[in-house]
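S.K.: Chains as they are written, first to last, in this note's numbering: chain A, 1 to 260; chain B, 1 to 191.
Just so you know, these hints were derived from the structure itself, not from any lab.
Each hint should be verified, as a subset may be incorrect.
Claimed, not checked - Covered stretches of chain A, going by a simulated chain B footprint (3 or more residues, C-beta under 8 Å):
(1) 9-22
(2) 37-51
(3) 54-60
(4) 65-73
Stated by the list, open to error - Between beta-carbon pairs, the in silico distance windows are:
(5) A:S64 with B:R16: 22 to 30 Å
(6) B:G188 with A:A38: 14 to 22 Å
(7) A:S64 with B:A20: 22 to 30 Å
(8) A:D157 with B:G170: 36 to 44 Å
Stated by the list, open to error - Here are the simulated PhoX-like pairs of lysine-lysine, each with C-alpha atoms no more than 20 Å apart in a straight line:
(9) A:K257 with A:K69
(10) B:K26 with A:K79
(11) A:K178 with A:K189
(12) B:K26 with A:K257
(13) A:K236 with A:K189
(14) A:K174 with A:K203
(15) B:K26 with A:K69
(16) A:K69 with B:K189
(17) B:K63 with A:K79
The beta carbon of each residue, even a glycine, is placed where N, CA and C say it ideally should be.
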Amino acid sequence: MNIHKNPGLMDQLAASYALGTLRGGARRRFETLARDNATLRAAALIWQSRLASVAELQPEVAPSPAVWKRIENLVNAEKQAQAMQAARSPVVPAPVSSGWWRSLGLWRGATAAGAFATVIAVVTGLNFTSQLNGQVQELSAKLSSTPAIEYVAVLADDKANASILVTFDPNSKKLMLKRVGDFREQPDKSLELWALPPGAPAKSLGVMSGDAVVQLTAADSDIRQSPALAITLEPKGGVPPGTAATGPILFKGALLKTPE
Amino acid sequence: MKPESPDTQLIALLDRVALADESALKELYALTSSKLYGVAVRVVTNREWAEDVLQVAYLNIWKIAGDYKQSLSPPMAWMGLVVRSRGLDFLRRRASDRADRMQELDEVISDTVAGDSPNPMDTTQASEQAWALHQCLSQLENKQREVVSLAYLRDLSHSELAQQLKLPLGTVKTWIRRGLEQLRGCMGKFA
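This is chain A alone, in the form it adopts within the complex (with noise of 0.2 Å):
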């Protein structure tokens, strides 16, 4: 049968392709005479935006608001993350802390990506160890019966084991850390936690004890600026306030804000 000269059969064959149904060797064939026949791959091209119409005429439903949210966090975090690395760029940091920076550049420009699997992972608890998921549920459970927690982060290594959780309440002003994970600090080190302000250097929100569950006052401005929240390790009692950290990244993620 010559394909050519029978318009009809181009035509079905164009819109088989584009439905789909069009299999196998029958595909294959199509798309090698289509790339030799504007005709065929007009028609193929044609009943690809017809049918492309097909999603335009689903039924609506509407999504639950949690996706918006989570969208605009997602958003958020990466724009944040492209702003912090623009404005960070001129500037030459301060050799002492080098180290530092030089980490933590690299996981600014994974923050995008890694604040979605975080999002998932906070939302559906997904890929936690049994002990996290208790914590997540708990945290859950803290985050329905408290309102006024409106931000919370996921602290996680650089294999991405979560190791400590961090809620905070705005009108309390107080950042909840929890131990999730089983890392000890030595007795002469202590975990500090910084703030990642865009465009600006590292603010440290204070040093934890060695307690399960630490409590820090947090401005909330230093809060609501900060797309994500890092810890390292320093000695012990932390740097000296208005310096820069000194010590490895230990811990990150990024900050999101709860859905409302």
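Fit chain B to the supplied structure of chain A, relying on the hints for placement.
M.R.: Chain B alone, transformed into the frame defined by chain A:
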């Protein structure tokens, strides 16, 4: 096209989204999320999965809105394709749960295909092209229309459709062939 048509409004929003305007994304979402969630539900058949797909799809639109200009499709059709693609990605990733998925698909599809409800298609916000397709699909029998729609939305072969619908392969092939044949005749009039 009238300046206040939904297409014009959506195209303007996509242009702003391409410039990383979050407020435009919010407006776009408000206008289109119910329609696109409907598409996602039809593709993946599960509301929870469909929400994940919807989220990924809007983040995708946020990144590639600039590509819309190169497309000649109506904006809703273009966004629908993004949702369908992300939905199909999702289903492929869940291939290891294939047995479960098939079971759920079976139930959902059997319901929809068995249903004698009149044309369930929704022309809210539909482009002129979609309106034409709607007119033509309306002339098909419900079962034919449903099988053609599902073949397209879920990218299913004749044999996959037959298996999932528990119909003889020959019946599915006949419905698809007749459905496409009628569509060809009908869409030709709108060209």
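S.K.: Against this structure, judge whether each hint is valid.
M.R.: We went through each hint and held it up to the structure:
With a cut-off of 8 Å between beta carbons, the segment 9-22 of chain A has 7 residues touching chain B; three or more are needed, and the interface restraint holds. Closer than 8 Å: that is the beta-carbon criterion, and the segment 37-51 of chain A has 4 residues meeting it against chain B, so the requirement of 3 holds. For the segment 54-60 of chain A, the stated coverage by chain B is satisfied: 7 residues place a CB nearer than 8 Å to a CB of that chain, which reaches the threshold of 3. With 6 residues bearing a CB less than 8 Å from a CB of chain B, the segment 65-73 of chain A meets the requirement of three and the coverage assertion stands.
Taking 22 to 30 Å as the suggested C-beta distance range, the pair S64 (chain A) and R16 (chain B) conforms, at roughly 25 Å. Between G188 (chain B) and A38 (chain A) the C-beta distance comes to about 19 Å, which sits within the given range of 14 to 22 Å. About 26 Å separates the C-beta atoms of S64 (chain A) and A20 (chain B), a value consistent with the hinted range of 22 to 30 Å. Distance hint for D157 (chain A) and G170 (chain B): a CB-CB separation of about 58 Å, inconsistent with the stated range 36 to 44 Å.
Our distance criterion of 20 Å between C-alpha atoms is met by K257 (chain A) and K69 (chain A), whose separation comes to about 8 Å. For the hint linking K26 (chain B) to K79 (chain A), the alpha-carbon distance of about 15 Å falls within 20 Å, and the restraint holds. For the hint linking K178 (chain A) to K189 (chain A), the alpha-carbon distance of about 18 Å falls within 20 Å, and the restraint holds. Straight-line distance between C-alpha atoms of K26 (chain B) and K257 (chain A) comes to about 16 Å, which keeps the hinted pair within the 20 Å bound.
Under the criterion of a C-alpha separation no larger than 20 Å, the hint pairing K236 (chain A) with K189 (chain A) is consistent with the structure, at around 4 Å. For the given pair, K174 (chain A) sits about 16 Å from K203 (chain A) by alpha-carbon distance, which is consistent with the 20 Å threshold. For the hint pairing K26 (chain B) with K69 (chain A), the CA-to-CA distance comes to about 10 Å; that is within 20 Å, so the pair holds. Among the hinted pairs, K69 (chain A) with K189 (chain B) is inconsistent with the structure: their alpha-carbon atoms are about 44 Å apart, more than 20 Å.
Distance restraint check for K63 (chain B) and K79 (chain A): the Cα-Cα separation of roughly 11 Å lies within the 20 Å cut-off, and the hinted pair is therefore satisfied.
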